[in-house]
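Novice: Each chain, letter by letter, is given below.
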Amino acid sequence: MPSSNRLLRVLVTPPKPGMLDFVNKAKWDAWKSIGNVSQDEAKQDYVNLISSLVAAEGPAQVVAKPTGSSAAFETLLVTTEDNITTIRLNRPTKKNAITVEMYNEIIKALELAGNDDSVITVLTGSGDFYCSGNDLNNFTKIPEGGIEKLARDSGELLRGFVKAFIDFPKPLIGVINGPAVGVSVTLLGLFEVVYATERATFHTPFSQLGQSPEGCSSYTFPKMMGAAKASEMLLFNKKLTATEACQRGLVTEVFPDSSFQTEVWTRLKAYAQLPRNSLALSKQLMRGVDKERLHAVNNQEVEQLVERWLSDECMNAIMSFFQAKARL
Amino acid sequence: MPSSNRLLRVLVTPPKPGMLDFVNKAKWDAWKSIGNVSQDEAKQDYVNLISSLVAAEGPAQVVAKPTGSSAAFETLLVTTEDNITTIRLNRPTKKNAITVEMYNEIIKALELAGNDDSVITVLTGSGDFYCSGNDLNNFTKIPEGGIEKLARDSGELLRGFVKAFIDFPKPLIGVINGPAVGVSVTLLGLFEVVYATERATFHTPFSQLGQSPEGCSSYTFPKMMGAAKASEMLLFNKKLTATEACQRGLVTEVFPDSSFQTEVWTRLKAYAQLPRNSLALSKQLMRGVDKERLHAVNNQEVEQLVERWLSDECMNAIMSFFQAKARL
Amino acid sequence: MPSSNRLLRVLVTPPKPGMLDFVNKAKWDAWKSIGNVSQDEAKQDYVNLISSLVAAEGPAQVVAKPTGSSAAFETLLVTTEDNITTIRLNRPTKKNAITVEMYNEIIKALELAGNDDSVITVLTGSGDFYCSGNDLNNFTKIPEGGIEKLARDSGELLRGFVKAFIDFPKPLIGVINGPAVGVSVTLLGLFEVVYATERATFHTPFSQLGQSPEGCSSYTFPKMMGAAKASEMLLFNKKLTATEACQRGLVTEVFPDSSFQTEVWTRLKAYAQLPRNSLALSKQLMRGVDKERLHAVNNQEVEQLVERWLSDECMNAIMSFFQAKARL
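Protein chains in written order, with full-length UniProt numbering: chain R, 1 to 328; chain P, 1 to 328; chain E, 1 to 328.
These are calculated hints, taken from the structure and not from any lab test. Mixed in with the good hints there might be a few duds.
As the list claims (entries may be wrong) - Okay, derived cross-link-like pairs now, EDC-like style, lysine to aspartate or glutamate, Cα gap no bigger than 20 Å in a straight line:
id : chain 1 : residue 1 : chain 2 : residue 2
1  : E       : K239      : P       : E253
2  : R       : K269      : R       : D117
3  : R       : K43       : R       : E313
4  : E       : K269      : R       : E313
5  : R       : K291      : P       : D290
6  : P       : K291      : R       : E292
7  : R       : K239      : E       : E253
8  : E       : K238      : P       : E292
9  : P       : K239      : R       : E263
10 : P       : K291      : E       : E292
11 : E       : K291      : R       : E253
12 : P       : K269      : E       : E263
13 : R       : K43       : R       : D312
14 : P       : K149      : P       : E303
15 : R       : K291      : P       : E148
16 : E       : K291      : R       : E313
17 : P       : K291      : E       : E303
18 : P       : K149      : P       : E292
19 : R       : K239      : E       : E263
20 : R       : K238      : E       : E253
21 : R       : K291      : E       : E292
22 : R       : K163      : R       : D312
23 : R       : K269      : P       : E313
24 : P       : K291      : E       : E253
25 : P       : K291      : R       : D290
26 : R       : K163      : R       : E244
27 : R       : K291      : P       : E292
28 : P       : K238      : R       : E111
29 : E       : K239      : P       : E263
30 : P       : K108      : P       : E74
31 : P       : K238      : R       : E253
32 : E       : K291      : P       : E253
Claimed, not checked - Selected chain R positions facing chain E (Cβ under 10 Å, derived; list incomplete):
id : residue
33 : E111
34 : L112
35 : S207
36 : Q208
37 : S217
38 : A227
39 : N237
40 : K238
C-beta atoms are modelled at their ideal positions from N, C-alpha and C, and glycine is treated no differently.
Please build the complete structure, drawing on both the sequences and the hints.
Specialist: Now the structure itself:
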């Protein structure tokens, strides 16, 4: 045990049934006050706390993988019809939070959609949420290499994920069926068209979690809406309504919730009848102007985010998140 | 005759008086179904069909060229007054569609305006239309080198035309007196100020014609309005009202049609009294940031468009256009 | 005396008590008509006229410099509280016009704020104005090296001033408490967030004074609002209301004047509680994409402005300004 500090004793104590008591007592100030704990010890404490809190949540959802079909996904529903390939995030009970598996499946689904004979590709969500962003449980399965390896692996995953959007060769349409959070918002800067229900909101609370922007938003958002509106979102966590997002250029058009699906899919079916190559080549022309820049931005964002994940600010904020969750 | 296919027999048959019958029967599917026609033969068919349809339209407008005055144009009215050089597209009966001759004359007029002692230069249209874009008849006068030569020549013409706008050294003001289509819209991203009557609309139906964006719009439009609004126009053919164009930054201000000319020219005359060099150098400063990029974008757009013009998608769409016209 | 021209005789005559007469007579045309005056002589005339007009204004404000505290400024009020460093322009009787001293003090204050332990930095103004821009009296204290040296020195000062904003390492918030003019407007493109009272206006009348844009606005303004809206401001002197500035992305949000300070500072205090490093690094990430470009733009803008300051157009416009002032 690295320290006899009272908090640390609590941290390494198996949390249940005492966990709620612990959570109520563990104020953030306490963490900051551990003057005699080294950086390595702090990381170990993070690992211990997170593991115990997550263990208290019960086992993660595990679904048996269907075999024999390459188009079968565990976290997505992917269909191709009327020249449209639709990738539907399909963890509605978890607000379509993106797990490690879902990151990998979206990369795979985009690769398939890019090569199939569809004209346009649609990304949307099942249920009332579009996507609640990165599943913070991704930060709780700490591998043997420890928290540094977790951060590096997560960085590589994110880099490849965003790269798949930068390089996607066809028009990509977002059908935003409800609230969107984090990376599911920032990526919209790489879509061709974004249609949103009036119920949708757009929230990128990076600094609250001690993190920093990704999805190329540090480049696409200021380009799209100017620095003064982009920073309000990316630094100061402003949550936008669908109408505000439309005024800022993040969303192409907003629809009443009652007619959202009907109106949007009518349009998409019309778009999918347009000359296939003309659309793909025009999209690639527009993307080409920025492509090299986007890859560089993606790399820099990921590099900084990996450092952020290993920072006290970020680990504290994530612990705070799980403590608040445990308290409920 | 390259094929005994029924459609092809029709294609090489002198079209009148049977042309309307032909048009009614020649469904798009038919064209696509010609499995045994090679790419070269398809191009020859295009040449034959287009020639015959255009021949049916009657002779092209030919106006005697006035001699002896370098400022005299056939397709433009160009005047200089009150420090303002005005270039007025002047084919009102053709909605100011841009012929090969008009492309060349606009290049010449911009060169003269850039070197005269005016302070600002205005581009506007005669009649109710601002400009209906590229005159598709440009694609019907097929030279000896065949359709490849036509495409290459058209590409060089377009490249030089857009270049004249990129390099124009003074403030360039668009006075958009009515609907604008195609390249007359995309070029507006290279203007300093764009004033529009409320009657104006802005339409870039490239993919409908199997084509792709030009006029540097693949760069200027996303920069101005964000990718989600730019792609709706440039990929999916969204036609904007003047007010929508103003909200997206394509138009500086919209005026009631009744007072449009009065209000706009009052302003322009005031602008033309401002210090000449200050205006020109400030414009060049702003353009300088992007100039190299704009030339590169222009080159890439033209290169892609030449390939598009030689594609089946595009030739089919243009034939479809002329067939629909013949049907009226 | 370089010339016996009637105007020049007037120019070198001690102006008081005859100055108002002189001003009424000295029409702009007269200046232009001096065909036999060389460029050097014209500059000397500028020096003489400006000196005499300024002399007629009475001595410049001189305030005793407080000694012994490095955070004491003559033209600014700088405080740090609640993790916020506030830099307040403090020449309210001069509408916070920026003198040479104030340029230097703002550079110094930004350097200190960048290195102190505050989380965010705020720039605002004392009194009813935010800032009336460059104090034209800066052009009246002509050093021994003459007007060329004045222009070069002013250029170096401006370059360093704008550089301090480009390189500022933390979120920078503008609290725009009233009208803003000139460089105080253009610099806003380098801020993270801009909150404005509804009373604020935004005016960049560069061409009126024969000058050209600075503060990186030739890059940030077109990027933010598109060329058609940027040129209207930077070339044609359009003054924006706060609401218009917000629609164009120059301002983040507009507040009623009655609740402006309360609402804004409530937010700022909340922002200042967010993780310090996350905010600073996120800001640097967003700035990093553009930083090299911004420095290049700053250099080009300054280079052009130095040439402008030495031009007849500009000297004439500044003389005109002081003559109009003397006339009041």
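Novice: Next, verify each hint and record whether it holds.
Specialist: Hint check results:
1. E:K239 x P:E253: At roughly 14 Å apart (the allowed maximum being 20 Å), P:E253 and E:K239 satisfy the hint.
2. R:K269 x R:D117: The given pair, whose Cα atoms are some 15 Å apart, holds under the 20 Å limit.
3. R:K43 x R:E313: Holds. R:K43 to R:E313 sits at ~12 Å (cutoff 20 Å).
4. E:K269 x R:E313: Distance ~19 Å between E:K269 and R:E313 Cα, so the pair holds.
5. R:K291 x P:D290: The hint holds at about 17 Å.
6. P:K291 x R:E292: Within the cut-off at roughly 19 Å; holds.
7. R:K239 x E:E253: holds (14 Å)
8. E:K238 x P:E292: violated (28 Å)
9. P:K239 x R:E263: holds (17 Å)
10. P:K291 x E:E292: At roughly 17 Å apart (the allowed maximum being 20 Å), E:E292 and P:K291 satisfy the hint.
11. E:K291 x R:E253: Given that 20 Å is the threshold and the Cα spacing comes to 33 Å, the pair is violated.
12. P:K269 x E:E263: violated (43 Å)
13. R:K43 x R:D312: Status holds; Cα separation ~8 Å.
14. P:K149 x P:E303: holds (14 Å)
15. R:K291 x P:E148: violated (30 Å)
16. E:K291 x R:E313: violated (26 Å)
17. P:K291 x E:E303: holds (18 Å)
18. P:K149 x P:E292: Status violated; Cα separation ~28 Å.
19. R:K239 x E:E263: Between R:K239 and E:E263 the Cα gap is close to 17 Å, so the pair holds against 20 Å.
20. R:K238 x E:E253: holds (12 Å)
21. R:K291 x E:E292: Holds: R:K291 and E:E292 sit about 19 Å apart, inside 20 Å.
22. R:K163 x R:D312: Outside the cut-off at roughly 28 Å; violated.
23. R:K269 x P:E313: Within the cut-off at roughly 19 Å; holds.
24. P:K291 x E:E253: It is violated: about 33 Å lies between the C-alpha atoms, which goes past 20 Å.
25. P:K291 x R:D290: Holds: P:K291 and R:D290 sit about 16 Å apart, inside 20 Å.
26. R:K163 x R:E244: violated (28 Å)
27. R:K291 x P:E292: With Cα atoms ~17 Å apart, R:K291 and P:E292 stay inside 20 Å; holds.
28. P:K238 x R:E111: Violated, at about 28 Å.
29. E:K239 x P:E263: holds (17 Å)
30. P:K108 x P:E74: Holds - the C-alpha atoms of P:E74 and P:K108 are around 12 Å apart, at most 20 Å.
31. P:K238 x R:E253: Answer holds: P:K238 to R:E253 is near 12 Å, not above 20 Å.
32. E:K291 x P:E253: Violated, because 32 Å separates the two Cα atoms, which is more than 20 Å.
33. E111: violated (28 Å)
34. L112: Violated: closest Cβ of chain E sits about 32 Å from R:L112, beyond 10 Å.
35. S207: Cβ of R:S207 sits 5 Å from chain E, so the hint holds.
36. Q208: OK, holds: R:Q208 within 10 Å of chain E, min 7 Å.
37. S217: holds (9 Å)
38. A227: holds (7 Å)
39. N237: Cβ of R:N237 sits 8 Å from chain E, so the hint holds.
40. K238: holds (9 Å)
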